[in-house]
Amino acid sequence: MPISLGELATRFGCDLDGDPDIEVRMVASLLDASPVSISFLTNSAWKDRLFSTKAAAVVLRASDAADCPVASLISDDPYANYARMAALLHPSPAPVPGVHASAVIDASATVAPSAQIEAQVFIGERAIIGENAYVGPGCVVGSDCSIGDDTRLHANVTILRQVSIGMRCIFHPGAVVGADGFGNAMTPDGWVKVPQLGGVRIGNDVEIGANTTIDCGTLGDTIVEDGVRIDNLCQIGHNALIGAHTAMAGSTSIAGSSIIGKRCMFAGHSGAVGHVSICDNVIVSAQGMITKDITEAGVYASSFPAEKVQEWNRKVARFRRIGVLIERVSKLEKGD
Amino acid sequence: MPISLGELATRFGCDLDGDPDIEVRMVASLLDASPVSISFLTNSAWKDRLFSTKAAAVVLRASDAADCPVASLISDDPYANYARMAALLHPSPAPVPGVHASAVIDASATVAPSAQIEAQVFIGERAIIGENAYVGPGCVVGSDCSIGDDTRLHANVTILRQVSIGMRCIFHPGAVVGADGFGNAMTPDGWVKVPQLGGVRIGNDVEIGANTTIDCGTLGDTIVEDGVRIDNLCQIGHNALIGAHTAMAGSTSIAGSSIIGKRCMFAGHSGAVGHVSICDNVIVSAQGMITKDITEAGVYASSFPAEKVQEWNRKVARFRRIGVLIERVSKLEKGD
Amino acid sequence: MPISLGELATRFGCDLDGDPDIEVRMVASLLDASPVSISFLTNSAWKDRLFSTKAAAVVLRASDAADCPVASLISDDPYANYARMAALLHPSPAPVPGVHASAVIDASATVAPSAQIEAQVFIGERAIIGENAYVGPGCVVGSDCSIGDDTRLHANVTILRQVSIGMRCIFHPGAVVGADGFGNAMTPDGWVKVPQLGGVRIGNDVEIGANTTIDCGTLGDTIVEDGVRIDNLCQIGHNALIGAHTAMAGSTSIAGSSIIGKRCMFAGHSGAVGHVSICDNVIVSAQGMITKDITEAGVYASSFPAEKVQEWNRKVARFRRIGVLIERVSKLEKGD
Numbered sequence: 014m015p016i017s018l019g020e021l022a023t024r025f026g027c028d029l030d031g032d033p034d035i036e037v038r039m040v041a042s043l044l045d046a047s048p049v050s051i052s053f054l055t056n057s058a059w060k061d062r063l064f065s066t067k068a069a070a071v072v073l074r075a076s077d078a079a080d081c082p083v084a085s086l087i088s089d090d091p092y093a094n095y096a097r098m099a100a101l102l103h104p105s106p107a108p109v110p111g112v113h114a115s116a117v118i119d120a121s122a123t124v125a126p127s128a129q130i131e132a133q134v135f136i137g138e139r140a141i142i143g144e145n146a147y148v149g150p151g152c153v154v155g156s157d158c159s160i161g162d163d164t165r166l167h168a169n170v171t172i173l174r175q176v177s178i179g180m181r182c183i184f185h186p187g188a189v190v191g192a193d194g195f196g197n198a199m200t201p202d203g204w205v206k207v208p209q210l211g212g213v214r215i216g217n218d219v220e221i222g223a224n225t226t227i228d229c230g231t232l233g234d235t236i237v238e239d240g241v242r243i244d245n246l247c248q249i250g251h252n253a254l255i256g257a258h259t260a261m262a263g264s265t266s267i268a269g270s271s272i273i274g275k276r277c278m279f280a281g282h283s284g285a286v287g288h289v290s291i292c293d294n295v296i297v298s299a300q301g302m303i304t305k306d307i308t309e310a311g312v313y314a315s316s317f318p319a320e321k322v323q324e325w326n327r328k329v330a331r332f333r334r335i336g337v338l339i340e341r342v343s344k345l346e347k348g349d
Numbered sequence: 014m015p016i017s018l019g020e021l022a023t024r025f026g027c028d029l030d031g032d033p034d035i036e037v038r039m040v041a042s043l044l045d046a047s048p049v050s051i052s053f054l055t056n057s058a059w060k061d062r063l064f065s066t067k068a069a070a071v072v073l074r075a076s077d078a079a080d081c082p083v084a085s086l087i088s089d090d091p092y093a094n095y096a097r098m099a100a101l102l103h104p105s106p107a108p109v110p111g112v113h114a115s116a117v118i119d120a121s122a123t124v125a126p127s128a129q130i131e132a133q134v135f136i137g138e139r140a141i142i143g144e145n146a147y148v149g150p151g152c153v154v155g156s157d158c159s160i161g162d163d164t165r166l167h168a169n170v171t172i173l174r175q176v177s178i179g180m181r182c183i184f185h186p187g188a189v190v191g192a193d194g195f196g197n198a199m200t201p202d203g204w205v206k207v208p209q210l211g212g213v214r215i216g217n218d219v220e221i222g223a224n225t226t227i228d229c230g231t232l233g234d235t236i237v238e239d240g241v242r243i244d245n246l247c248q249i250g251h252n253a254l255i256g257a258h259t260a261m262a263g264s265t266s267i268a269g270s271s272i273i274g275k276r277c278m279f280a281g282h283s284g285a286v287g288h289v290s291i292c293d294n295v296i297v298s299a300q301g302m303i304t305k306d307i308t309e310a311g312v313y314a315s316s317f318p319a320e321k322v323q324e325w326n327r328k329v330a331r332f333r334r335i336g337v338l339i340e341r342v343s344k345l346e347k348g349d
Numbered sequence: 014m015p016i017s018l019g020e021l022a023t024r025f026g027c028d029l030d031g032d033p034d035i036e037v038r039m040v041a042s043l044l045d046a047s048p049v050s051i052s053f054l055t056n057s058a059w060k061d062r063l064f065s066t067k068a069a070a071v072v073l074r075a076s077d078a079a080d081c082p083v084a085s086l087i088s089d090d091p092y093a094n095y096a097r098m099a100a101l102l103h104p105s106p107a108p109v110p111g112v113h114a115s116a117v118i119d120a121s122a123t124v125a126p127s128a129q130i131e132a133q134v135f136i137g138e139r140a141i142i143g144e145n146a147y148v149g150p151g152c153v154v155g156s157d158c159s160i161g162d163d164t165r166l167h168a169n170v171t172i173l174r175q176v177s178i179g180m181r182c183i184f185h186p187g188a189v190v191g192a193d194g195f196g197n198a199m200t201p202d203g204w205v206k207v208p209q210l211g212g213v214r215i216g217n218d219v220e221i222g223a224n225t226t227i228d229c230g231t232l233g234d235t236i237v238e239d240g241v242r243i244d245n246l247c248q249i250g251h252n253a254l255i256g257a258h259t260a261m262a263g264s265t266s267i268a269g270s271s272i273i274g275k276r277c278m279f280a281g282h283s284g285a286v287g288h289v290s291i292c293d294n295v296i297v298s299a300q301g302m303i304t305k306d307i308t309e310a311g312v313y314a315s316s317f318p319a320e321k322v323q324e325w326n327r328k329v330a331r332f333r334r335i336g337v338l339i340e341r342v343s344k345l346e347k348g349d
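Protein chains in written order, with the working numbering: chain A, 14 to 349; chain B, 14 to 349; chain C, 14 to 349.
Some clues are possibly wrong.
Since copy identity is lost for identical chains, a pair holds within one copy or between any two.
What the hints assert, rightly or not - Listed below are the simulated DSS-like cross-link pairs for lysine-lysine, each with C-alpha atoms no more than 27 Å apart in a straight line: (1) K275 <-> K305; (2) K60 <-> K206; (3) K328 <-> K344; (4) K60 <-> K347; (5) K321 <-> K305; (6) K67 <-> K328; (7) K275 <-> K344.
For the record, the hints were derived by calculation from the structure and aren't laboratory data.
From just these sequences and the hints, can you work out the full model?
Structure, rendered in C-alpha cells:
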C-alpha cells in the first residue's frame, strides 16, 4: 500500500522538505534504501550514510536536514516517528478469524469470533480469547487464562494457569507465563514445596520475549503493568511487580517479591535479588545486580568491562592483596 | 474441603491455641486472609500485619503467639508446616486417566492406565509413563524415556531421549531434558561434534523450572538426585551431578562434568565452571561463580552490589590504577 | 555394525599398534569400556585410568602409547579422531521419509520426499524443507523459512519467519529463531515498537542449543556463519553477526548489532553489549562482558572467582574505600 510523503508528514506531524506527492512503500536502512523507501537518521555519526542514500525521504532532526540529499521528514523524535511509519507501511498480518481443525479447545473456553487459533493449539477450561487475538501454532492457553483483544501469541507460547493478559500484547515463542514460583521450605528431610496459588496479571501493550518466564504468585499475583517490554530469556519471579513502561534486555532476572518502578531499564544479564524495591526511572547497566532498595532515580552499575586476561588477572591479584597494601600504608603513617 | 483447626494441629504436630472446631478452607496472606483462611508468620518484621489479620488462625512460632489476635497454630517450623497445610487445602488436580485423542503415542510405548496424557502430546518408542503421571499439552517424551509414578510434566516440556525420571517430580513448561551436551573438538577445519551418547537420570521428588535445560551425558549419564529443586532458565551441562536436595535459583548455570554436593544452594545468575567438585552444604550468592573445587561448607561470593554509576566508575578507575598505587607505596617505603 | 581396528586406523589416518582384525562396536570411557569398545585419552592426568582399561583399543597421542595396555590408535589429535570414530559407530538415526498424519503443512510449503516430518509439526506458508531433513515432534517452521538438506530440528523447535538455515545443522529442543528483536523507541507516552522486518540467515554445519534464541534483524538479517556452535540458553540479538566456527557456552548473551569474529569462544554466562565489533580468535572467559571493540586476538576477562563470603566481603569493603587509601598515600607523599 503506497503512501505519499505528504500524508506521512500530516499523519505523524513532521515537517516535509520535498515533494509531497512522492509515494513510498517500505522502510529501509540508509544504505539499502531505494526510491520507494523511507529511511531514518538518528545519530549524526552516520551522516556519511545520509549523503549517499537513495531513499525517497529520510526521517531526521531539523539540524540534519540541510545535509539530506533527498526529501526530509523533519521530526523532533525521528526514531519514534520512523517506528510509527514502519508500522504503517509494514503492518503485522491481521488475524484470519477461525479455529484450525487440529486445535483442541475445551468446551468451557470462550474464543471470540474474530480471533485466529492456529494449528496444534490447546486451550483449556474457562479460558477466554479476545477479539482479533492470534494464538500461534503449538501454543497452550491453560485453565482460567484470558487473552485480551488484539493480543498475539507467537508459536509455542505457554500461558499456564490463572493468567490475565491485556490488549495489544505480543508474546514471542517459547515464553512461559504462570508456572509455579520457586517456593520451598527446608526441613531435615529435604525441601517441602510451598504451593504457588496466585496468578499473573499482565497489562496492555506489553511485549514478552522468546523463552522468557514469568512465574505466578505464591499468594496474590505477579504483576506486569502496561507498556512493559521484556526481551528474551528473562526471568520474573513470583509476586514481582514490574512497573509500567519498564524495559528489560536479554537474560535479565528479577527475583521473587521485588518491586520495580515505572520506566526503568535493565541492560543485558542484569538483575535484582528478591524482596527489593526500586523506584521509577532507574537504569541498571549490563550485568548490574541490585541487592537493596533504590530510592533515587539514576544509573546503577556493578560490573567490570572485560580486558586482556593477563592484565585482568594482575588486577585481581592486587585486589586480593589490598589488605596488605592498607597495612603497609598504616605502617608508613605511623612512621615505622 | 473444609478442615478443622483441631485436625490441622493433630495432623501436622502443632500446638493449637484456639477453638479446635473452627473450619478453614484455604490459605491466604495475613493481609488478605478471611475467617475461612489460615495464614502464617515466619518473620517478626511482619508482625504489624499479624495484628490486623482476619485469618481464622495463623501458623507461627511460640514466641509470636502472644501477639496473635486470632487462633494460633504453634510450630517450630511455621513455614514448612504452612506449606504442608497449603498442599492439603489446595491439592494439585489429580490426573484424569486417559489419553487425549490428539495425542500421538508410539505403539511400543507403555502408558499406565491411571496416567493422563493431554492434547497434542507425542510419546516415542519404548517410552514408559507411570501410574498417575500427568503429561501436559504439547509435551514430548522421546524414545527410551521413563516418567515415574505421580510425576507431572506441565505443558510443552521436552524429555528428549534416554531420560529416566523418578516419582513425584514436577517439570514446568518449556523444560528440556536430554538434549545433546556441548561437546566439540576443534580442528583446522572447524569443530567436530563429539557424539553425546549418554542419558539423564533424575531421582524422586525433583522439581525443574520453566525453560530450564539439562543435557544428556557424553558417555555415562547426567544425574540429578532426589529432592533437587531447580528454578527457571537454569542450565545443567553434560555429565554434571547435582546432589540430593540442592536448590538452584533462576538463571544458574552449571557447566559440564561438575559435581555439586547435597543441600547446596545457588542464588540467581550464579554458576560453576566445568569439571569442579563442590562439597555438601555450599551456598553460592547471586552472580557468584565457582571456578575451582570447594571442600568446605559455607557461603561463597564473587559479585559486587550495584551502586550509582558515577561512584562505581570512579572505583573501577581506581581499581585499574591499583598497580600505580602499589608503586607509590613502595617508593614511600624506600624513603625516596 | 562392528568395524575393525585396521579399518578405523586407515579411515581416520591413525597409526595402529595392535591387532588390525579386532572388531569394535561402540565407544566408552576408559573406566567403562569393554573389549568391544574403543576409548580415548587426551589428558595425561587420566593415565591411571588407561592402565586399567578393558577397551579393545584407545585413541591417544604417540607419547602415551607406551603406557597403553591394549591396542593403540595413535593420533596427533586423539579427541577429534575419537569424535569421528564415535560418529561412525553411533550414527544419528537416519530420517524415515514421510509426513506424520498429525502434522499440519501449508499447501504452499515444499517438503522434500526424503525428509521426515514428525507428529504435531506445523509448517507454514512457502516454507521449504530440504532432503533428508528431520523436523521433530512439536516443531514449528513458519512462513518463508527454509531448512537445508540433512538438517535436524529436535522437538519443539520454533523457526518463526523468514529464516534460512543451511545444511547439516542441528537445532535442539526449545530453540527459537526469528522472533522479533528488541527494538523500542521511548516517547513521553511509553515505548513505541520498532517493527522488526529482517530475517535470520544461518550457514551450514551450525548447532544451536536447547532454548537458545536468535532474533531476526530490524532491517537486514541476523547472521550465523558456517560451523558455529551455540550452547543452551544463549541469546543472539537482532542484526548480530556470529563469525564462522565461533563457539558460545551456556547462557551467553550477544546484544544487538554486535559483530563477532571467526573462531571466537565465549565461556558460560559471558556476553557482549550491543554495537561492538570483536575480531577473530577472541576468547571470553566465564561471566566476561565485552563492552567495546576488540581488535586483538587473545583471552579477555572481567569476572572474579568466588571465595568465602567473609573474605570476599572484606575485600569489597576495602575496594569501596580505595579512594580513602589513595588520599592517605598522597598525604604521605606530601610529607604531611
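Can you tell me if K60 and K347 fall within 27 Å by alpha carbon in one copy, between copies, both or neither? neither (60 Å within a copy, 51 Å between copies)
When no copy is specified for K60 and K206, does a C-alpha distance of 27 Å or less occur within a copy, between copies, both, or neither? Between copies only: 24 Å across, 58 Å inside.
As a check of your reading, is K321 near K305 (CA-CA no more than 27 Å) within one copy, between copies, both or neither? between (32 Å within a copy, 12 Å between copies)
Between copies, within a copy, both or neither: which fits K275 and K305 at Cα up to 27 Å? Within one copy, since 17 Å is at most 27 Å while 29 Å is not.
Can you tell me if K275 and K344 fall within 27 Å by alpha carbon in one copy, between copies, both or neither? neither (50 Å within a copy, 45 Å between copies)
Is it within a copy, between copies, both, or neither that the alpha carbon of K67 lies no farther than 27 Å from that of K328? neither (50 Å within a copy, 48 Å between copies)
Status of K344 relative to K328 across identical chains (alpha carbons, at most 27 Å): Classified as both; 23 Å inside a copy, 19 Å across copies.
When each numbered hint is compared with the structure, violations occur for hints 4, 6, 7.
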